[in-house]
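Undergrad: Since each chain sits alone in its own frame, please combine them into the complex, following the hints.
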Amino acid sequence: MKKFDVLYVGLLLIGAFWTFIVNSASDEPIDRVQPCDLVDIVAQTDKYMTTDELARRLMSDDPTLALIDLRSKNEYKKYSLEGAINIPLENIVDPEFEDAINQDVQTVVFYSNSSDLAAKAWMLTKRLGYENNYILRGGLNHWVETILRPREPKETASRSEFERYNFRKAASAYFGGGSATGEAVATKKPKVAIKRKKKSAAGGGCD
Amino acid sequence: MGPLFPLGTIGEELNLLIGFIIGIGFGFLLEAAGFTNTRKLAGVFYGYDFVVLKVFFAAAITAAIGLFLMNHYGLIDINAVFYPKTFWIPTLIGGFIMAFGFLIGGFCPGTSICAAVTGKIDAMIFVLGAIIGIFGYAFTYESLWEDLRNSGKMGRVNIAEWMGISDGLFILLLTIVAAVAFFAVTLIQKKVTEKHDYQL
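These protein sequences, in sequence, are chains X and G. Each residue of the first sequence is one higher than the one before, starting from 33 at the first, in the numbering used here. Each residue of the second sequence is one higher than the one before, starting from -17 at the first, in the numbering used here.
What the hints contain is simulated information worked out from the structure, not anything from laboratory work. Treat the numbers as computed from the prediction; the structure is a model and nothing was measured. Even for Gly, the Cβ is constructed at its ideal location relative to N, Cα and C. Possibly wrong hints are sitting among the right ones.
What the hints assert, rightly or not - Ranges between beta-carbon positions, derived for each pair: (1) X:E128 <-> G:F82: 17 to 23 Å; (2) G:G56 <-> X:K110: 42 to 48 Å; (3) G:I60 <-> X:V125: 19 to 25 Å; (4) G:W127 <-> X:D136: 57 to 63 Å.
In isolation and in its complexed conformation, chain G is listed as follows (with noise of 0.2 Å):
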């Protein structure tokens, strides 16, 4: 049955249609959630707020279980999702790069996006910079980045395949270490709230 678009049950309009209906959604929900505010993502980093930790292990979580349960019982063709090769040089340094954007202007990519659209200066200021720099990539990326791009290759792997464990076994760990986490990160935000007035 799905994916939708890779088996050609729906066609490109209606796959962009779908797309732009839960981009709005996204936008809308991380608006709500107050993720448009920078104090919110840098608080992972001090340790005041951990809800953008336990979103996203929330959601790759959720996707995960959902994902190996619609496959199991015949919903969605698993080997045809969009499953990306892995190069571990540059999303090595890619992810430092990542996390010191996160951590110096308080965006990550999109939330960046909603908080421009919701008037914020530094969020405007913040996408320029992005833009700039994929234009910069863009057009240093044969003469500079191409051999750093394609180091470190290990083509399409599974972490649970890697670890010799079943896709299920490796879906449980995971969940039980976030549920863990989940309590972990809680008792810190309790304690450096306690300590400091951080207000958001």
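With the rest of the complex left out, here is chain X (with noise of 0.2 Å):
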């Protein structure tokens, strides 16, 4: 053999040892959410939102806003918010959904009756790297404590409170509250994922 072709070949074998060794080191594609930057993301305290900051959204009619309802289909179809999507916790990563949760256009907003499931769906959305997620603190149950049924503060509250007060009431009678007996108030149709535009099918060869 020439001496070209030697070190061709040890070149060749550097490279396979190299990729061996990086492939037993890690199965995971380097632009995965590293375990170490989870840490910082879960300490994040941006990843909550308030039912009034919700209701003042809905109220709006924020075309920005995604809703995403994670309990059980028959849940949904008793009681959900207007124009929310159905994704049981257990479909949230099925590639159907994708679209509904992993862009930048819509501010999504993960729900089930209290802000659990919530929080796992956004901890595996964020682990796969999805942006613009959030959960709704306190989830529904929360939602008909504070805006579809808010207490009176005590006359002593600060004003702000009182203006709060003043806010969800307001927002307890749009959203038909005050009489919330658990009746489908999802007349809106479920809003449809903003598509987005999928990578063309890889082409070439004689395929």
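TA: Following this line, the structure appears as structure tokens:
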């Protein structure tokens, strides 16, 4: 064999060992969220959206808002927020819902009855590197408590609390609260997720 | 970042232009390496010249290592790279036909075009035969070949996955096999050329 052949075979062997080492060192591609970064992400405090904020945006018909109901189909049918898309938590990583939860156009808000499922969904999607996802603080229960049936603050409460109460009272009227008997309020059709431009299928070869 | 065309980083025109430039480079190097000489390709079968085998093997491994590392370091999205489906029966038959073509004609499709351009008459006839074959296949595809073409369907298979080992381990094993093969064919070549007096 010529010198060049030996050199090239040597280079290939080095490359192959390199490949083998990086492959066994981590099975995850480098652009996935790494565990050390995840700790910082979890410590983030702006992952919540309050019920007041949500009510404000719903009332102003904010088109960038996408609500994701994480409960089961039956619960969703019984009662949910207007325009919500139902994605049960176990289906959250299904490819058919990827367009709905992985996007930078809309603000995605997860909720269930409390915020447990939403926190799980938020964690899963964050791990996948999705942005713009939020947890509804307190979930639907808190929504009913604060927005649909707001409680009047004590007379000694601060002015800002009264202002908030007034806002909630108005919101309650808007959302048909006060008489929240569990009947379906979801009159609007669920929003259709904005489809992102799909990566064109890899063409080429003779296929 | 990559692949450039499937992800829409570059448009159709630039894609064709890059293909054109790479094509010229490919043809130039084929000629420079002597692959337009029919004896070079046939030499693999007679055992007096293994350059073609070395080039094919080295190219495959270079591409495998390069793609793997580029994917690992986020330079290329391997999922967007074209990946053909496997139909093992037609592939096997086609492989045999290709091998006989190599042996009888002394060209592979790429080198035949290069050789034809350099003025070799046998290469021109080879290219003509290939064109007749292409049109013959295309016009009789539905009546004769469709069932054969779709037989032995395996979908998108990855040999490492099929063997149950990681991609990195498979590339390493393949490289070791190639390195051993390189040394082995060098020995064979030495023996054969000593016995006979082949001339390119």
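Undergrad: Mind listing which of the numbered hints don't hold for this structure, in increasing order?
TA: Numbers 1, 4, in rising order.
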